[in-house]
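Working from the sequences, and respecting the hints, build out all of it.
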Amino acid sequence: MTRLNSVSRVNASNIEMSAERLAHNLAQVRARIDAAALRAGRDPVEVTLVAVSKTVSPEVAAQMVAAGQSILGENRVDRFLEKHVAIPDAQIHLIGSLQTNKVRFVVGQAPLIHSVDSRHLLEKIQARAAAIDMIQPVLLEVNISGEETKHGLMPDEARDLATAVATDELHAPNIEINGLMTMAPLDSPEAVRWVFRDLRGLRDVLRDSLRPAPCCERVKMCELSMGMSNDFEVAIEEGATLVRVGTSLFKETD
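Here this note's numbering is used: the first residue of the sequence shown is 193, the next is one more, and so on.
Just so you know, the hints here were simulated from the structure itself, not pulled from any lab data.
The reader is advised that the hints may include incorrect statements.
Claimed, not checked - The calculated lysine-lysine pairs, modelled on BS3-like cross-linking and capped at a C-alpha distance of 25 angstroms, are:
(1) Lys316 - Lys294
(2) Lys443 - Lys412
(3) Lys316 - Lys412
(4) Lys246 - Lys294
Claimed, not checked - Distance windows between CB atoms, simulated:
(5) Ala223 - Ala323: 41 to 47 angstroms
(6) Arg399 - Asp270: 32 to 38 angstroms
(7) Gln283 - Ala232: 22 to 28 angstroms
(8) Gly300 - Glu361: 22 to 28 angstroms
(9) Trp386 - Ser249: 34 to 40 angstroms
(10) Glu361 - Arg389: 15 to 21 angstroms
(11) Thr240 - Asn422: 16 to 22 angstroms
(12) Asp400 - Glu444: 21 to 27 angstroms
(13) Asp348 - Cys414: 17 to 23 angstroms
(14) Glu382 - Ile324: 40 to 46 angstroms
(15) Gly233 - Asp400: 27 to 33 angstroms
(16) Gln283 - Ala223: 31 to 37 angstroms
(17) Asp379 - Asp270: 28 to 34 angstroms
(18) Asp400 - Pro365: 40 to 46 angstroms
Glycine included, each C-beta is placed from N, C-alpha and C at the ideal position.
Given below as structure tokens:
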């Protein structure tokens with residue numbers, strides 16, 4: 193056996209082991225999602241897993257997709273574009289902050305943008321979506337915890353922005369506001385339960401109050417993107433429909 197062939201076989205073995213590990217992690221996370229949903233009296237199919245692949249290469253992310261997890265989440269536009277090209281079978285959500293000068297790279301490529309945190313950004317997304325004649329689904333990012341270090345609209349700002357679109361005060365025919373997103377403080381799951389509960393409450397108020405509005409079909413308010421590796425089970429118990437999990441999926445050991 194040549195040295196090159198030996199190296200190739202070792203690399204192939206490592207890839208195979210890594211694929212097995214990813215499949216194991218995915219099965220564990222899905223089992224935890226199902227259990228959390230059932231505890232809350234919910235159907236597990238109501239909860240969509242977004243595999244946050246920001247810390248791994250396109251090759252590793254592709255293995256996760258091959259294991260059956262087709263929805264990925266990326267924080268940065270450059271990493272989003274990298275994986276969008278490398279893994280055509282994946283649906284890649286943008287879950288991190290989006291600068292207005294990068295809107296053109298994401299609109300029409302991401303099936304969902306989780307992180308709309310200003311009216312100005314929403315207007316830029318609308319303009320780009322109109323230019324390419326498509327409807328762009330988005331979520332409004334809400335800073336429920338009020339932390340200065342976090343991005344997001346304040347709850348009143350989110351209410352005003354959703355109302356502006358629903359009443360056509362902000363004309364955005366190429367936008368669908370599908371719901372809300374938040375990030376909880378880094379603390380124990382029970383300590384941040386209130387954050388998830390408050391986001392669900394805001395979503396419910398908006399969904400009910402905007403239903404009679406003339407453009408309410410563009411403000412669906414169905415989705416709640418909340419919960420990460422350390423707290424996604426509590427988020428599900430409080431109504432999450434999208435959970436953004438990275439560490440628990442891409443860890444090397446239990």
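Verification of the supplied hints:
Using a Cα cut-off of 25 angstroms, the hinted pair Lys316 and Lys294 holds, with the two alpha carbons roughly 10 angstroms apart. Restraint check for Lys443 and Lys412: the C-alpha separation of about 35 angstroms exceeds 25 angstroms, so the hint is violated. For the suggested pair Lys316 and Lys412, the alpha carbons sit about 20 angstroms apart, so the restraint of at most 25 angstroms is met. Taking the CA atoms of Lys246 and Lys294, the gap is about 18 angstroms. The hint holds against a cut of 25 angstroms.
Against the hinted window of 41 to 47 angstroms, the Cβ-Cβ separation of Ala223 and Ala323 comes to about 44 angstroms, which satisfies the hint. Separated by about 35 angstroms at the C-beta atoms, Arg399 and Asp270 satisfy the suggested range of 32 to 38 angstroms. One distance hint, 22 to 28 angstroms for the beta-carbon pair Gln283 and Ala232, holds here, with the actual separation near 26 angstroms. Judged by the Cβ atoms, the range 22 to 28 angstroms given for Gly300 and Glu361 holds: they are separated by roughly 25 angstroms.
Checking the proposed 34 to 40 angstroms range against Trp386 and Ser249 shows it holds: the Cβ atoms sit about 37 angstroms from each other. Remark: the range hint 15 to 21 angstroms for Glu361 to Arg389 is contradicted by a beta-carbon distance near 29 angstroms. The hinted window of 16 to 22 angstroms between Thr240 and Asn422 holds, with their beta carbons roughly 19 angstroms apart. Checked against the given bound of 21 to 27 angstroms, the beta carbons of Asp400 and Glu444, roughly 45 angstroms apart, lie outside it.
With their beta carbons about 22 angstroms apart, Asp348 and Cys414 fall inside the hinted range of 17 to 23 angstroms. Against the hinted window of 40 to 46 angstroms, the Cβ-Cβ separation of Glu382 and Ile324 comes to about 45 angstroms, which satisfies the hint. About 21 angstroms separates the C-beta atoms of Gly233 and Asp400, a value inconsistent with the hinted range of 27 to 33 angstroms. With their beta carbons about 22 angstroms apart, Gln283 and Ala223 fall outside the hinted range of 31 to 37 angstroms.
For Asp379 and Asp270, the Cβ-Cβ distance of about 30 angstroms falls inside the hinted range of 28 to 34 angstroms, so the restraint holds. Distance hint check for Asp400 and Pro365: the Cβ-Cβ separation is about 23 angstroms, which falls outside the suggested range of 40 to 46 angstroms.
The structure is inconsistent with the numbered hints 2, 10, 12, 15, 16 and 18, although it conforms to all the rest.
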